[in-house]
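Peer 1: Residue numbers (the numbering used here), protein chains in the order written: chain X, 1 to 176; chain A, 1 to 157.
Since the hints were derived computationally from the structure, they do not count as laboratory data.
Since the structure is predicted, the reported quantities are computational estimates derived from the model, not experimental observations.
There are no misleading hints in this set.
Subject to a maximum C-alpha distance of 30 Å in a straight line, what follows is the list of computed DSS-like cross-link-like pairs (lysine-lysine):
1. X/K12 - X/K166
2. A/K49 - X/K12
3. X/K12 - X/K41
4. X/K12 - X/K118
5. X/K118 - A/K49
6. A/K49 - X/K166
7. X/K166 - X/K118
Selected chain A positions facing chain X (Cβ under 7 Å, derived; list incomplete):
8. E13
9. V52
10. A55
11. L75
By construction, the Cβ of each residue, glycine as well, lies at the ideal position given by its N, Cα and C atoms.
These are the residues of each chain, in order.
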Amino acid sequence: MLDRFIADYSEKGYQFAFRLCGNAEEARELVQETFVRVMSKWDQYDPAQSLEGYFISILRNLYYDGLRRFDRRNLCSLDAPPEADGAALSDRLADGEEALLDRLERREAEEQVQTALKGLAAEQRAILELSDVQGLSYDQIAAVLDCPVGTVRSRLSRARRALREKLLTSSEVVNR
Amino acid sequence: MTCDYPEIEDCLEAYADAELAPAERRGLEEHARGCPECRRRLALALALKAAVRRAPAPAMPPELAASLHARAQRLSRPPIWRVWLAGLRARRPAAYGLAAGFAAAAALLVVRLAQPETVTLPLDVLLAAHGDCVRAMPLAPEAAILSQLPGRWEGPR
Numbered sequence: 001m002l003d004r005f006i007a008d009y010s011e012k013g014y015q016f017a018f019r020l021c022g023n024a025e026e027a028r029e030l031v032q033e034t035f036v037r038v039m040s041k042w043d044q045y046d047p048a049q050s051l052e053g054y055f056i057s058i059l060r061n062l063y064y065d066g067l068r069r070f071d072r073r074n075l076c077s078l079d080a081p082p083e084a085d086g087a088a089l090s091d092r093l094a095d096g097e098e099a100l101l102d103r104l105e106r107r108e109a110e111e112q113v114q115t116a117l118k119g120l121a122a123e124q125r126a127i128l129e130l131s132d133v134q135g136l137s138y139d140q141i142a143a144v145l146d147c148p149v150g151t152v153r154s155r156l157s158r159a160r161r162a163l164r165e166k167l168l169t170s171s172e173v174v175n176r
Numbered sequence: 001m002t003c004d005y006p007e008i009e010d011c012l013e014a015y016a017d018a019e020l021a022p023a024e025r026r027g028l029e030e031h032a033r034g035c036p037e038c039r040r041r042l043a044l045a046l047a048l049k050a051a052v053r054r055a056p057a058p059a060m061p062p063e064l065a066a067s068l069h070a071r072a073q074r075l076s077r078p079p080i081w082r083v084w085l086a087g088l089r090a091r092r093p094a095a096y097g098l099a100a101g102f103a104a105a106a107a108l109l110v111v112r113l114a115q116p117e118t119v120t121l122p123l124d125v126l127l128a129a130h131g132d133c134v135r136a137m138p139l140a141p142e143a144a145i146l147s148q149l150p151g152r153w154e155g156p157r
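Next up, chain X with everything else stripped away, as it sits in the complex (with noise of 0.2 Å):
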């Protein structure tokens, strides 16, 4: 049952681990720490949750257990009002996005989204990995992230807005 478990949800806990922490060495500790755990206290996994779910949630807890430990650089507010800036960069970001769509759908802009993606706040990343990437529910990230289901949506605004702002940014920077 256990090796039946790996096989299922290993990988995807792997690249969810790597957006989270960014780099390889440290996701494949949260991976083996996260499977651990879930072996360790398997008697208390309600099945009315779905397992992905739990596994999930208990490897982004581990993962913010070791940011709160070492380091709060990476930790954002989510719910934290926008930068003051936001009217005057959202005139001047309306304008690109026109182009930013154009090349969208032209698959040219793939590097830029990956760059972008980086610099996210690691929150940021795990909510666009878990809606847009493994194609969860808004009532299933809810269950992962412990939360109403209007957070999620406001998380996920956010976060998107996040992701447009820096890709019109550095698309601003190459069309100069």
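Since the structure of chain X is provided, determine the placement of chain A on it from the hints.
Peer 2: Positioned in the frame of chain X, the structure of chain A alone reads:
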């Protein structure tokens, strides 16, 4: 954004995430047909979502999978003493029975030794023994008793 469609930002993202109810979905599509700004923003939301999905994440290293399987095997392995007992039972049932008997006897012995020894005597026996002691032990003056002690105690003068 200048469009006055209610909660348009939330609707655009929810549409891209397939989280809108069918009626809401139809309503937004109808609106987007006549609103170039919303049509562009909707296309951008969908294109961005697809681009994030395409962003590569490295495959899991094969040695990590192997390490996890090895760890799972160690965690599911029974304790060595249980393995030995199972083997003994299979190979030599009589020896297993004897070993089990000895183990039970040893456990019982340990329990008995750990318990303090208590003796219960009937009351009349206790009282009779007390009376015997009293009759056998004379009431001696303190000095007479103490003078029998070893050492150089000289008693009160």
